[in-house]
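Student: Residues per chain, in single letters:
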Amino acid sequence: MKLPLTLILLGSAMAASAQTPMPLNPPAVHARAITDVGAPLVQVSDEDDDEDGGWLSFGGDGSDEDDCDEDEEDCPTAGRGNAAPAGTVAPPANGLFGDGKAPTASTN
Amino acid sequence: MKPMKPLFAALALTTALVLPGLAFAKPVTLTVNMNSYGGRGAYLAVYVTDPAGAYAGSLWMAGGKAKYYRHLSDWARFTGSDPAQVDGITGASVGAGQSLTLDMDLADALFDAGYTLHIDAAVEDMRDSPSEVSVPLTAAGAGQAVTGGRYIADFTYGF
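If you read the sequences in order, they're chains A and B.
In this text, residue positions in the first sequence follow our numbering: the first is 1, and each later residue adds one.
In this text, residue positions in the second sequence follow our numbering: the first is 1, and each later residue adds one.
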């Protein structure tokens, strides 16, 4: 789990314990209570939860260096967004397309 | 005979300069047959280099997330992974065992003039495959299948 979410959960747990006498219910799955700090801190799963559905190790070397978030400075596409899908804008004027008409694609 | 007005002269000159690159084009079909490589959809960059080996431009990008473009490493080296290079010519990634067919009008000047078509391929959690296909664009090469490498079974272009 990413650090900001962990901090939010930690802060929420501490605030809740100060405001209510009811103990927090730890998550049922992948959870382990830590009881030696006086508050029911909870460590939840540290599994990656990439919203893109994976692709963390695109390229196959098994390291997270291949994960390229677009807000990272070293990401080549940082701040540039995704390309416009075909049909939404004209193709690039690179001189390859004879009449400027967009290519069409089909998959089967 | 009246002298040609400067505006018309300029128009005629620019037309003469621009038209040779645009007026002669032919419909071309590119077909990419994928291997059953057992992974997710492949990102494919289809692009052209000129007789000097320099990047001439892109023809198609299969795969919409620009943050993965750097795995199309030869294309990325030429373009700096610039998504603007494939604005308007980007579609979905291509699954294992599938066939991608692209129809486009290409400038005649690309054929029999030393230009080469390349296809870079990349798949999640699998090895990148730059320039998996590199085929000279010639009239004689039309209709002849070119065998791919890791992810692409074969590639054909035809008129």
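The hints are simulated quantities; they were obtained by calculation from the structure and are not laboratory data.
Values in this document were obtained by computation on a predicted structure and should not be read as measured data.
Among these hints, one or two may not hold up.
[Claimed, not checked] Non-contacting residues of chain B with respect to chain A, defined by C-beta distances greater than 10 Å in every case (computed):
| hint | residue |
| --- | --- |
| 1 | G114 |
| 2 | P136 |
| 3 | A139 |
| 4 | G158 |
[What the hints assert, rightly or not] Taking lysine to any residue and the SDA-like style, the derived pairs with C-alpha atoms no more than 25 Å apart in a straight line are:
| hint | chain 1 | residue 1 | chain 2 | residue 2 |
| --- | --- | --- | --- | --- |
| 5 | B | K65 | A | T107 |
| 6 | B | K65 | B | A145 |
| 7 | B | K26 | B | D125 |
| 8 | A | K101 | A | V89 |
| 9 | A | K101 | B | T156 |
| 10 | B | K26 | B | A54 |
| 11 | B | K26 | A | D99 |
| 12 | B | K26 | B | T116 |
| 13 | A | K101 | B | T116 |
| 14 | A | K101 | B | G148 |
| 15 | A | K101 | B | G114 |
| 16 | A | K101 | B | A153 |
| 17 | A | K101 | B | D82 |
| 18 | B | K26 | A | T107 |
| 19 | A | K101 | B | A56 |
| 20 | A | K101 | B | G38 |
| 21 | B | K26 | A | V89 |
| 22 | B | K26 | B | G97 |
| 23 | A | K101 | B | T138 |
| 24 | B | K65 | B | P51 |
| 25 | B | K26 | A | G81 |
| 26 | B | K26 | A | N82 |
| 27 | A | K101 | B | Y55 |
| 28 | A | K101 | B | F111 |
| 29 | B | K65 | B | P136 |
| 30 | B | K65 | B | G114 |
| 31 | B | K65 | B | T79 |
[What the hints assert, rightly or not] Per label pair, the in silico range of CB-to-CB distance:
| hint | chain 1 | residue 1 | chain 2 | residue 2 | range |
| --- | --- | --- | --- | --- | --- |
| 32 | B | D125 | A | D99 | 24 to 30 Å |
| 33 | B | A96 | A | P85 | 36 to 42 Å |
| 34 | A | N94 | B | V146 | 21 to 27 Å |
| 35 | B | V146 | A | K101 | 36 to 42 Å |
| 36 | A | G87 | B | A140 | 31 to 37 Å |
| 37 | B | G114 | A | K101 | 23 to 29 Å |
| 38 | B | A140 | A | T88 | 21 to 27 Å |
| 39 | B | D103 | A | V89 | 17 to 23 Å |
| 40 | B | P51 | A | T88 | 17 to 23 Å |
Virtual Cβ for every residue (Gly too), placed ideally from N, Cα, C.
Student: If we take the beta carbon of P136 of chain B, is the closest beta carbon in chain A still more than 10 Å away?
Tutor: 15 Å, holds
Student: Test the statement that A139 of chain B is away from the interface with chain A: the closest C-beta pair must be farther apart than 10 Å.
Tutor: Non-interface label stands for A139 of chain B: nearest chain A Cβ at 15 Å, farther than 10 Å.
Student: Sort out whether A54 of chain B lies within 25 Å of K26 of chain B, counting only the CA atoms.
Tutor: The given pair, whose Cα atoms are some 23 Å apart, holds under the 25 Å limit.
Student: Between G87 of chain A and A140 of chain B, does the beta-carbon spacing fit 31 to 37 Å?
Tutor: 33 Å, holds
Student: Could you grab the alpha-carbon distance between K101 of chain A and F111 of chain B and see if it respects the 25 Å cut-off?
Tutor: Satisfied, since the Cα-Cα distance of roughly 19 Å is no more than 25 Å.
Student: CB of G114 of chain B to CB of K101 of chain A, is that within 23 to 29 Å?
Tutor: At roughly 25 Å between Cβ atoms, K101 of chain A and G114 of chain B fall inside 23 to 29 Å, so the hint holds.
Student: Are K101 of chain A and G114 of chain B close enough, with their CA atoms no more than 25 Å apart?
Tutor: 24 Å, holds
Student: For K101 of chain A and T116 of chain B, compute the direct alpha-carbon distance and say whether it is at most 25 Å.
Tutor: 21 Å, holds
Student: Assess, step by step, whether the Cα of K65 of chain B is no farther than 25 Å from the Cα of T79 of chain B, and give holds or violated.
Tutor: 16 Å, holds
Student: Against the 25 Å threshold, does the CA-CA distance of K26 of chain B and N82 of chain A hold or violate the hint?
Tutor: Distance of about 30 Å is beyond 25 Å: violated.
Student: Could you grab the alpha-carbon distance between K65 of chain B and T107 of chain A and see if it respects the 25 Å cut-off?
Tutor: Measuring from Cα to Cα gives roughly 18 Å; hence the hint holds.
Student: Assess, step by step, whether the Cα of K26 of chain B is no farther than 25 Å from the Cα of D125 of chain B, and give holds or violated.
Tutor: The given pair, whose Cα atoms are some 38 Å apart, is violated under the 25 Å limit.
Checked against the numbered hints given earlier, this structure breaks hints 6, 7, 14, 16, 20, 22, 24, 25, 26, 29, 30, 32, 33, 35, 38 and 40; the rest are met.
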